[in-house]
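*Asks:* Using this note's numbering, you'd call the opening residue of the sequence shown number 749 and step up by one each time.
Source of the hints: derived by calculation from the structure; they are not laboratory data.
Nothing here was measured: the structure is a model prediction, and the numbers come from that model.
Hints are supplied without guarantee of correctness; some may be wrong.
Stated by the list, open to error - Restraint ranges, calculated between C-beta atoms of paired labels, are given here:
id : residue 1 : residue 2 : range
1  : Thr862    : Gly920    : 36 to 42 Å
2  : Ala1007   : Glu819    : 51 to 57 Å
3  : Gly1023   : Lys903    : 21 to 27 Å
All C-beta atoms, glycine included, are put in the ideal place defined by N, C-alpha and C.
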Amino acid sequence: MGQANLTAEQVEKLIDIIGEENVKRLLAGKITLEFKETAKGLFDKHGRRIPVNLRVDVCDADGSFRLDQPEMVNEVDYANRILRLHECLDVNTGITAEQLKAETERLLSLIRNTPQIVNILRGVWLPVVMPSLTDEDLGTTLEQYLEGVGKSYVKTFGDRKFYNYRKGELAGKVITALGGRHDQLVERMKRGPVVGIHFPDSLRGFSINADRGQMESLPKEFILSGMDTVIAIAMYPDVLACGWGTPALDLAVLSWWSAGASFSFGARDAGLHFGSTADLVDANDNYSSGLLFLG
């Protein structure tokens, strides 16, 4: 019988994986080995979703559009983001910086210990606090959140403007896409504020229909982004709306009037734009929907 075509380094690594004692017992016929395929990763080295069972359009991301990870290390980093949210929405969620930091670290630990999804952390991640729902109509709530985005954006950039092209037109007209799991978020928000981690650039280059189609193969802890994107922009305008080089952000789980229209934000050097779109099938290399991880 010929020798296996393995290098000494490979043999040493194999012994390290199996364990020297197990190798001895295996050779002595005292134990057997069972091999199983490892779970395939769902995100690539950039934190972008690897397309699965894709039946609609997707394209490569344009690397000239990018987001930068803000520092989220100390409690003051979390406190500044909570304060910004409370001020721009005129609410008090009751969530402290200590609580937000602790819950964020718990959620990050869950992700790091799950090989299928750990690569999502190679992209930008943003802790968010979803306030308690005070109105069950999503359109009314979205109007309120957009007012907060405008206040936060103008306070951050001073001479720029926020353009809401659907102002006053959302009440009673916003619905959620089937399969996006947004109803799970809504139910939790009815009971109180919800902490999650928002991944704004995880579906770059996917059409809105492609965004929706990916959810069936993602773990149940992920929710397709909608209202959380608005809250994330209110908390992190310096990250998500800093200028032309910022990817446009789709609210893929939300529809306006009917299932055939959705919403998106587009940052420019002179302003931030929000409006509806009826283009659900075309992929764009500088557009991305996000994912919210609730754990």
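*Asks:* Mind listing which of the numbered hints don't hold for this structure, in increasing order?
*Replies:* Violated: hint 2 alone.
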